Amino acid sequence: MAVTLRVNGKEQSVETEPDTPLLYVLRDDLALNGAKYGCGLGQCGACTVLVDDKPVLSCLTPLMLLEGRSITTVEGLGTVGKPGPMQQAFIEEQAAQCGYCIPGMMMRAEALVRRNPDAGDTEIRDALEANLCRCGTHSRILKAVARARDLKRGGGA
Amino acid sequence: MRFGRIFLGLTVLVLIAVGGFVAYAWKSEIPAQEAQLQIDPALRARGEQLAAIGNCVTCHTAPGGKPFAGGLALNTPFGTIHSTNITPDRNSGIGTWSEAAFGRSMREGVDREGNHLYPAFPYDHFTLVSDEDNRALYAYLMSLPAVDAPTPGNSLPFPINHRMLVAGWKMLFFRPGAYQPDAAHDAAWNQGKYLAEGLGHCGACHTPRNALGAEIAEQHWDGAELEGWHAYAINEKSPAPVPWDKEKLAFYLANGFQQIRGVSRGTMAPVTTNLGVAAPEDVSALAAYVADRMGTPSPERIAKGEQALAKAGETSEATPASAAPTADSQAIPSSASARGQAIYQSACASCHESGRALPHGGLNFHLSTAVNAPSPQNIINVSLYGLPAPEGEGGPIMPGFAGALDAGQLTDLIAYLREEFSDQPAWPDLSTRVEDTISGKTRVPLYRSDGTAASPTDSSVRTTPWL
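Those protein sequences? They're chains A and B, same order as listed.
Residue numbering for the first sequence follows numbering that gives the first Met the number 0, starting at 0 and increasing by one per position.
Residue numbering for the second sequence follows numbering that gives the first Met the number 0, starting at 0 and increasing by one per position.
Hints listed in this document are in silico derivations from the structure and should not be mistaken for laboratory results.
Treat the hints loosely; a few may be bogus.
[Said to hold, decoys possible] Simulated crosslink set (DMTMM-like; lysine to aspartate or glutamate; CA at most 20 Å straight-line):
#1 Lys65(B) with Asp117(A)
#2 Lys65(B) with Asp120(A)
#3 Lys53(A) with Glu128(A)
#4 Lys53(A) with Asp405(B)
#5 Lys53(A) with Asp435(B)
#6 Lys310(B) with Glu434(B)
#7 Lys151(A) with Asp117(A)
#8 Lys245(B) with Asp185(B)
#9 Lys65(B) with Asp88(B)
#10 Lys26(B) with Glu128(A)
#11 Lys303(B) with Asp244(B)
#12 Lys247(B) with Glu305(B)
#13 Lys53(A) with Asp185(B)
#14 Lys440(B) with Glu392(B)
All of these numbers come straight from a predicted model, not from anything done at the bench.
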């Protein structure tokens, strides 16, 4: 069946089974390869994207739930030439090692700062608890999120 | 003249009554203790096990705070009360409390200075604790590192912000006195009852309360709702599809899950976490007493349980998760029930029909107490927020679906679960509850669902769901 999704502000029609996980559609049909397949069990957060501004594990989310809803992936936060504040902050803090978890980290952090532009260190830690990084760059990730929050507020870091 | 005399008479009566009440309510201060204590290590070790049964650390620790240093905000129907610091800090904790003062707080609900304590501190249960066990608890608490953490003020409305009024509550609802063994039962049963009704304070969550916040004796362990979770009936009204017995209960209480009855979560998660480090013989005694209260299941009940088990087995064998067909794989179905089924098949069945053993597989819903319970609140909470992973160890896990499921989709899903996996009538308040939970009107504190090895020094409380 055809499902209409709004992905990064663009209407997209996808021909697929309604129980297909969103992640597969993003990567296989829409060539949006930012969101990653990590565990497939909703335990690592590498596949996190936003649905109506809330973080969602795309590997577990069947397409049938998403008709008409607004999806944002890491590609929607900016471009290579013009990174958005969240991406800029991760670059400035050099917060990635292998980078596999980073799109999920950015999206969960993006959801947090959209919901709470004044999120403090505790809120950042709490929000990111659901996302794993196996390289151990958590400290830089936390700094990057705090920097992104400041960049978004226009204050600089 | 006559009016004046009546007025005078009434005034005198009122004054006598007030005076009498004040005399009744007045409690003396127990002098502050000066000397540093010598703590007997054996007594301290027993106290640690007892503190685990009392679940003390869960209420007496603020999120992110030091264990036992208090400050957790308890949102009661009467206002917000903060738990106190029970580390031996001399200024903000109980460092100046003598053993007599500690014993009196447990037995009578009065602090060292003589103030009445609010019954959010469950002294209506703790009054049963023996002097000997209070001594051990005291030794344990006094051995903890002192933490300087003043307790935040309570926000209670007039007049209940006056602690003296608690004396009136006690007059109505509180009967102090240590546990009296029941000669008709053996020592193990008595130990179980002593722990369950006393220090374990099971009834504080599992018994409904009246308008003044006192447990309703006639509805003992009938099940109740508080802190955004439904505490199931744990007497003969238990909604578990397969009846419990004492061995299964003992395993569940110590490990936080039971193979065919599910996992402990919500406000029960820290309870089983703590019981995991309690003395096994105490946990067995508790379980035996609770099983006795649940009673011997009727033949119909047993038959129903066997039926549920058979259905659960069939489902996992006949429709392996990967091959589970959706109701209509070509389109999103139009009826609510078919929509619920389609969501179940695509989002839930891969774990819940995997046949994989608990705690790492999902429970088959034919065996789910949550789906068979009188309130949908627990299944709503778990669908939205999942089971937060335990810290640094194995345990039950489930990802939450908040954000993915909107209110309509979640309502359809849960209505389908109820229809398909229980023989109970539909929940009339389902959609309202779903909306209130998603909007945050119903606050749902989340707790990690471990229970196998966590130490009692970690309260594991989370107050913010993963959003």
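Hints, one by one, checked against the model:
Of the supplied pair hints, the one linking Lys65(B) and Asp117(A) is violated, its CA atoms being roughly 25 Å apart against a limit of 20 Å. At roughly 18 Å between alpha-carbon atoms, Lys65(B) and Asp120(A) fall within 20 Å of each other, so this suggested pair holds. Restraint check for Lys53(A) and Glu128(A): the C-alpha separation of about 15 Å stays at or below 20 Å, so the hint holds. For the hint linking Lys53(A) to Asp405(B), the alpha-carbon distance of about 11 Å falls within 20 Å, and the restraint holds.
Of the supplied pair hints, the one linking Lys53(A) and Asp435(B) holds, its CA atoms being roughly 17 Å apart against a limit of 20 Å. Proximity of Lys310(B) to Glu434(B) is assessed by CA-CA distance (about 31 Å); at most 20 Å being required, the pair is judged violated. The straight-line distance between the Cα atoms of Lys151(A) and Asp117(A) is roughly 10 Å, inside the 20 Å bound, and the hint therefore holds. Straight-line distance between C-alpha atoms of Lys245(B) and Asp185(B) comes to about 16 Å, which keeps the hinted pair within the 20 Å bound.
For the proposed pair Lys65(B) and Asp88(B), the alpha carbon gap of about 12 Å is at most 20 Å, so the pair holds. For the proposed pair Lys26(B) and Glu128(A), the alpha carbon gap of about 47 Å is over 20 Å, so the pair is violated. For the proposed pair Lys303(B) and Asp244(B), the alpha carbon gap of about 15 Å is at most 20 Å, so the pair holds. A threshold of 20 Å between alpha carbons decides the hint, and for Lys247(B) with Glu305(B) the separation of about 16 Å falls inside it, so the pair holds.
With a C-alpha separation of about 56 Å, the suggested pair Lys53(A) and Asp185(B) falls outside the 20 Å cut-off, and the hint is violated. Distance hint between Lys440(B) and Glu392(B) is unfulfilled; the C-alpha atoms sit about 33 Å from each other, more than 20 Å.
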